[in-house]
Every structure is written in structure tokens, then in C-alpha cells.
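Visitor: Here the protein sequences come in this chain order: F and S. Per the UniProt record's numbering, the first sequence starts with residue 1, numbered consecutively. Per the UniProt record's numbering, the second sequence starts with residue 1, numbered consecutively.
In the DSBU-like style, the derived pairs of lysine-lysine whose C-alpha atoms are separated by at most 35 angstroms in a straight line are:
#1 F:K245 with F:K260
#2 F:K131 with F:K260
#3 S:K218 with F:K260
#4 F:K245 with S:K251
#5 F:K126 with F:K33
#6 S:K218 with S:K13
#7 F:K280 with F:K131
#8 F:K260 with F:K91
#9 F:K280 with S:K88
#10 F:K280 with F:K65
#11 F:K91 with F:K33
#12 F:K65 with F:K245
#13 S:K13 with S:K251
#14 S:K251 with F:K221
#15 F:K260 with F:K280
#16 F:K260 with F:K221
#17 S:K251 with F:K260
#18 F:K221 with S:K218
Sample of chain F residues with no beta-carbon within 12 angstroms of chain S, all distances over it, derived:
#19 F41
#20 I47
#21 E61
#22 V87
#23 K126
#24 G130
#25 Q257
#26 V265
#27 K280
Simulated restraints, written as ranges between beta carbons of each label pair:
#28 F:K91 with S:K251: 37 to 47 angstroms
#29 F:S39 with S:P33: 29 to 39 angstroms
#30 F:D108 with S:K251: 39 to 49 angstroms
#31 F:A88 with S:I36: 39 to 49 angstroms
#32 S:N58 with F:R170: 22 to 32 angstroms
#33 F:R170 with S:R11: 52 to 62 angstroms
It should be emphasised that the hints constitute simulated quantities derived from the structure, not laboratory data. The structure presented is a predicted model; accordingly, all values stated were derived computationally and were not measured. Where is the CB? At the ideal position from N, CA and C, for every residue including glycine.
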Amino acid sequence: MSEPRLQWPNGARCAVMLSFDMDAETIWANGNKHIEGGSQFIRSLSIGQYGPLRSVPRILELLRKYDLPATFFVPAWVAETYPEPFVAIAKEGHELGHHGYLHERFVDLSSEEQLDIIQRSQDIFKRMVGKEARGFRTPSGDWAKQTPQLLHDAGFLYSSSMRGDDRPYRTVLNGEESDFIEIPPRWELDDYVQFGYNLYPAEPAGQDRISSHEYVLDNFKQEFDGYYRYGLCYVLMMHPQIIGKPGRILMLEQLIQHIKSHPDVWFATGEQIAEWWREKY
Amino acid sequence: MPDNHIVWPNRAKCAVTVTINLDAEFFWLSMFPDSIHRPKTLSMGQYGPNRGLQRVLNALDEYGITATFFIPGRTAQTYPEQVREIVKRGHEIAHHGYTHENFGHLSVDRQREEIVRGMDVLEEITGTRPVGFRAPEGEMTQETLELLADFGFLYSSSLFGDDRPYIHAFSGQRPPLVELPLHWELNDFPYFAFNYTPAFPAGQGRIANYTQVLSAWKREFDGFYEYGLHYVTQFDPQTIGTPGRIGLLEKLFAYIRQRDDVWICTARQMAEFTMRGQQK
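Excised from the complex, chain S in its bound form (with noise of 0.2 angstroms):
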């Protein structure tokens, strides 16, 4: 079967993606609902709208590049400002459930629910509807799609199947939904995110080395470049913002943009270039 090439706009070689999710406390207390009474553990996410973020703009701002957020609703209600000067700063916000919730644990009509929620607050901090989807970490089910087609969203960046944007059709009168997938090696929490009580991860691995972490970036970089694929990387404040990561990303940056054949676009702007492709 052939990996059939893609023609990108103005012949780029590949494109990429630089998506952020703000989880805040909200990853630890979606993950671990005790910690609510657990004032450290929270900390640790809320080092990510206080100091992370902030870096994390600048290094956008320094190389030219508009990402995608994907925010939890509860985030947005707890830090408002925060996400205002995201928009402020010409970024795309998007649905990342609304306390950061499991979708996959969770029937039709609450998934319905939460979407509802979280769409309701980023509307009204930001003053737009968001059309882009991701699941919080955690799993969904195949009506987390069909709800999000209902709802009218353009996009969701949950998956993991693919290297390429790609489209999820419907039966009857419900409108097709683009995925733009994701892959774990391209997430900075995998590398480094850590905790004893609760544990975090699981076995409670080590803290990677970030020199390795920074070159298997690049590498995969170099991989969706030579086969002209989609690069879409998630990171979070709480992780990538310390003093000392925050460096990566702009070495990161600065390697991706060594090269000028590169489409450097919003989620929804490649969700737009999909569908567009699929009408022809």
C-alpha cells in the first residue's frame, strides 16, 4: 500500500502543529479526587497558569508561532485571565472536557453534558465558540464523536491511529468530523511529569534526561518532515514551563524552523485544509 504523499499549501514539505493543554490542578484532580485535600499535589498543576505559561507564550511569540490551547472549562473559570491573554496573544482556544473528565467512564447524555459545560465557559471568557475537541486524558467511546459532529465541531485531536489528518464519516445526516491524531512521544507529560502520593506515573518511572527528550523530538520531527506528514505536539506548562524545559521547546522551535517548507498552522486551520480536500 502506498504512503501516499500529501500536498500541503504552498507546497510545503510537512505541516505542524503545536498544541498546549492547560489542565492546571485539574489533570491531578480528574485523575486523583482525593487531592483535593492534598494542597501539594494540586501545586504542582497550578504551577502551570502562574509560571509555566507565561514562558511558554513567549517562546510562541519569539518564533512566530500561533498554537492551538485546549482548555478544561473548570481552567477557565479558575483562571480567566490567564486565558484571555492567550487570546490576547492570537492563539486558538479549544474543548478539553470541563473538569478535565473521563470521558470514556461516562454515559451519553453526561458526555453531553460535560461538552455543554465546557463549551458554555470558553464562550464566555473568550467570546468564541470553540470547534476544536480534545479528550481529556482518560478514553472516550465512539458517541463521544458522533456528539461532538452534532454539535457542529469541526475537529477532534484525541486519537492516536494516524500520522495524517483524517475523517471520521457518519452515518445518515450527521456531518463528518476531521481527527487530527496524536501520538504519546510527542507529549511532553509522558517524559516527565512525576509524583510520589498519588503516584504519578503508575510505577513511578524516572524523570527523563532532557537532552534525550529534545532529541527524540527532533528526530520524529525529521521523520514527518521526509514522509510529509502532520506534526502535532501536545505540551503543558506545569511540565514543559520549569525554568529548564522551557529551553527544549525553544530549541525545538528553533530546529523546526531551520526549514522554510514548513506549514506551521492552527489545529483548526489544518481541520479547514482537510475538509476542504474531503468536498473536491
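Chain F on its own, in the form it takes in the complex (with noise of 0.2 angstroms):
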């Protein structure tokens, strides 16, 4: 028994969704809170900094590079901080979605809270590139039961935030099946996961060894030729301010160029593959 063949724009054999968190530093705000003084750990933040000033310039010239498109999602406040990179990313014609205001996590929200950041969110995505965000994808951990109707009302075309899947599908609201699409990243396609790193506060929570680039480029490809041998979507997730070091960036082109070197791949925004998935499934 097979799995039935998914179908791709021009007869393509499968979809590749590069997407980027560029969180800079409100990841590590988050998780020094609940310090007393975190909010002056200048060093922890200085790791998320680095994203916006260093990765996102070397991120573009390598999708211009290969003439690649890419999504990123973007904490409005980080837009609002770092205007240069976030408005670059919109004229060399890449996606931006919503990432919540300061990466908050949704599941700790009531309704108006998420309602709250939602739109003040989508406000200053409208005053700094013209448009709203279509697309979001929930910031650490999990969103609450309720956010996928609040953002489908709110007129988001797709969420980016699940793990239940290898291909995107049409989101549950009220029982049945809407035009709310989600397209599912997984854990072992996170380079966070592989690399994020910190001695204090811990990052990992238990302070694990940092990957090597070999071994992480390696189960990246092997889970690229699954997606490809049964012709899913393959959403890689990644973080400017870890993907975006020298040494790292060489191993993303390499992973690149092995995806390149297969016929027939698609790659495309986040938005173009829910256009896709509404249209024909």
C-alpha cells in the first residue's frame, strides 16, 4: 500500500518551505523573565541580537544567490527595533508572517490578550511594509484551543505551528474541515533544536552539546529525500540568529544544493502553498 501522490504545481514532485523566525532577542527576554534582573542580561540577548544585524543580510544574499523564496516571521516589536532588515526582507520580495508581538506564548493567553497582539501586530506590519501578515506561526510552545478561530477570523489565510503532519491540511474549526490552512514544520527540521545554545540561563534546558554541523546537514538531507520520495511538504524552520553564523550558512547552502540537485522540487512561500492547498484540496 502507497501513499497517494500529492499534487504540485507544474507536476512537481514536492514542495520546500524555508522559513525563518527572526526572533531576535525576545526569545531570550522570555526565558530570562522570570530572573530577578533578567531584563538587564545583556550578554543572553546579545546571542538574539546577532540575528537581525548579521544573519538576516547573509540570509538574503543567499536566497538571491539561488533565486530562492523564503517566509519569514517576524515578533512585530522585533520589526519595529530593527527596521532595515525587516523592510529588506519585504523588497527582495520574501513573505513576512506574524509571529505574535514580543513571542509570546499563545497558550497562556485568554482571548482578548491573543486578539490584543494580534492586531497591534498586524497595525505596525501595515504602517512598515503596506500589508498585513496572511500567514502565522505560533511563538514557543503551544497556542491556546481557541487561537486557531481567532486568526481565521482575524482573515489569516495559514498557520505554520502544528506537528501533526507532513503536508499541509485544512484546520478543524466549529467540526468541521476550514479554509484555515496549516502547514506543519516538525521538531527535526529546527535548527534551534540542534543548536541553540546558552551557559546561563540554560539553553538547552539541560545545557546538551551543541550538534555538529555534519551530523545535523545529514539528518536534514535524509529527511529531504523522505519528503521528496513521497512527494510532501517539506518545511524547513530556521533561526537567523543560529543558521546565520558563518560556518552554519555554508551548511544551509550545502543542504540547498543537494535539495537542488533533485528534478521537479517547488519552492515557495508559506503563503503560496496555502493558496495552493486551498484552491485544490
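Using the hints, put the two chains back together into the complex; each one sits in its own frame.
Guide: Now the structure itself:
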């Protein structure tokens, strides 16, 4: 028994979504805020600052070199704090997606608080790049049960937040499949899980070793080969502060070369994939 | 003390049993009850029956391997079609708790209740009463083994203390129970399972490198083969069933299949074989 083959544009065999969560220091600020004086811990914050300052230009250059589209999920606070890289992403034709205002954990918030964050951030996007985000990725952790309905009502086309599939699907709202599309990423395709590190406060929680570039590239390639084999939607979830290091960006380039050595791969933004899914499935 | 060589059927050099735990979201719910409010966390488990399982079943078919599936009663109730499909394809179904509960934290009465509930659900959905049991991740007690013997189970596959089957003998009238021991290093979860909040593993260790994990499984197989033991692998479709990892399973099966003097058997077949040896 084989899996029914999905249909992708122009007869492509599988879809690839390159996504970057431009969290900057918001993840560190959130992690530190329960520690006394945490808001003044400038060393861990600087790990995040590296992302917009150094990595984003490097990533944009790489995408230009291979003529690839990408989706950047950006907390609106980061957009306000780093207007130059944020606007540059839009100018280069990439998609900007919603990622909270301060990378808030939605599962802990009331509907009103969630709505406030959603709308406040959309206003900032509109002011800075002339349009609202159509895609949403829940910042670290889970979203609340009512979040997908709130996003759908707020006019979002898609989310890229869950872990339960390796292809898009229509999110079930009120017991029925809606036109709010989910494009799930997976932990095994997340660079942060492999490379994110700090000594104090500890990241990851148990301060495990940093994975080797070679092993992570090997995993990402083997997963791609599987997605290609079954014709699925490969969602690479990266963070500029992690993947944009001089050596890791070369690793990403090697991964892109590996993917491009396969014929019929559709590189697309989340928006393009969600539009296709709405139309086709 | 000599490492006594076991004489396997048809003079096979070693034995292999492939076991699959279909925990689905109940792994996460039993470890972190709060995840009932966490759709993303639950979705990791749902991937198992919804996506990974089909690929695992296909890999088993391709290599002609009959496996033993340990299934919590709640999984069977939530995914009855998937469980029937497993039965249809000829695999053994065994007991894995009802809600994937931690037996170490339950009174004897509660353990008895959970065993009965799981047994009844599996019997209702598959038409067969399970004869095997695996304690869900967590702990178990001596009473768990005694309850299993009282209920007429043939085997448990829960403990880690050996690399060959052995018999739990009880005092009094209670019938014996076979144990088919496991090893963490032959399980996919310690290498691959991951989540941030709730944190899994507890210290949020890295996801292991695929090539190195396959190498570890192959090296252990070489060791079990060399010493003539019983190699019991333990996989969960939510972990091994991703597009990239299913290839590891296929490569491991191909590696084992290179040798023709390996007895590939279900847990039940091994338990019956062990029990016969005991009665001689």
C-alpha cells in the first residue's frame, strides 16, 4: 500500500518551504524574565541581536544567489526595533509572517490578550511594509484551543504551527474543515533544537552539547530525501541567529544544493503553498 | 559463569522480535496531563497513527516481518480503524495499559482495573484477547507481574535486566510468566523524541544523528547475533515514521535480512518457545 501522491504546481514532486523565525532577542528576554534582573542580562540578549544585525543580510544574499523565495516570521517588536532588515526582507520579495508581538506563548493568554497581540502587530506590519501578514506561526510552545478560530476570524490564510503532519491540511474549526490552512513544521527540521545554546540561563534546559554541523546536515538531507520520495511538503524551520553563523550558512547552502540536485522541487512561500492547498484540496 | 548458548528453532544463530508501541497522544497525556490543553503537543502523538503507522506497516510487509504491536486501550478506542488494519496485516496485538498510565504509581486495585479495561477494549476491537503486556513508560511493581499471571497472560516485555527471555516463577499456585527484556538503546524514543514545552527529554537533549543511530542499532544486532541472543527492538510510529526516519527502519530490516540464520518471531512466539523449554 502506498501513500496517495499529492499534486503540486507544474507537476512538481514535492514542496519546500524555507522559513526563518526572526526572533532576535525576544526569546532570550522571555526566557530571562523570571530571573531577578533578567531584563538587564545583555550577554544572552546579544545572542539574539546577532540575528537581524548579521545573519539576515547573509541569508538574503544566499536566497538571492539561488533565486529562492522564503517566509520570515517576525514578532512585531523585532520589526520595530530592526526596521532595516525587516523592510529589506519585504523589498526582496519574501513573505513576512506573524509571530506575536514579543514572541508570547499563546497557550497562556486569554482570547482578548491574543486578539490584542494579533491586531497590534498587524497594524505595525501595515505601517512598515504596507500590508498585513497572511500567515502565522505560534511563538514557542503551544497555542490555545481558541487560537485558530481567532486567526481565521482575523482573516489569516494559514498557520505553520502544529506538528501532526508532513503536508498541509485544512484546520478543523467548529467540527468542520475550514479554509484556514495549516502547514506543519517538525522539530527534526528545526535548527534551534540542534544548535541553540547558552550557559546561563541554560539553553537547552539540560545544557546538552551543541550538535555538529555535519550530523545536522545529514539529518536534514535524509528527511528531505524522504519528503521527496513521498512527495510531501518539507518545511525547514530556521532562526537567523542560529543558521546565519558563517559556518552554518555554508551548511544551509550545501543543503540547498542537495535539494536542488533533485528535479521538480517547488520552492514556495507559506502563502503560495496555502493558496495552492485552498484551491486544490 | 558461562554465557550459556541458547538453542533457537531451526538452529538459528539468534532471534529478533520487532515491537511497535502505538502510544499516539497518550504518551504525552500520561507524562504531562496538562497537555490536554496543548494542541501542538498532542499533534506530535497524533502523527503516529495518522501518518507514521502506514509507513511502518509497509516496511514490515516489504521485509516480510511479523511484528508485535503494544497498544494502550485508549489508542485503540481513538483509532479503531488503524488497529484493525494492523490485525488485518497479520501482526500480534498486545496490552500497553489503558491510558498509557504509570503502573508504578497505581495501587494494586487500580492496576487490576487498568489491565482489565485495556484487555476488554483490545478484545472488543481486535476480536482476540491479548496474551502479552508491556508496561507503559514509567514504572511497574512486582504486583503487576503477579496480576498478569493471574489474568492468564503469557508474557511481559517490560524489564531491562537481561538480553534473552526468562521466566518469572511465583510462589503458590500462580502460573509462570515469560519476560522478554528490552533495552533503551534499541528504542527510537531516547534518540529522536523531542519537545520544548513540556520539555522532552527532561533536559531537552539534542535529536540524535540518524546515521549514528542506525549504526548503533546495527552494532547491537551484530552483538546479539554473535552471542546468540534475543534482539527486541522498540519503535513508535510517531518517532520512526517520519519521511526521513522510515528509511532507517528499512535499512535495519535489510541488514538483519542479510543473514538467513536469524529467527524473526513475534513476542508471542518467543514466549511460547520459552515456556516449552521450561516445561521440558
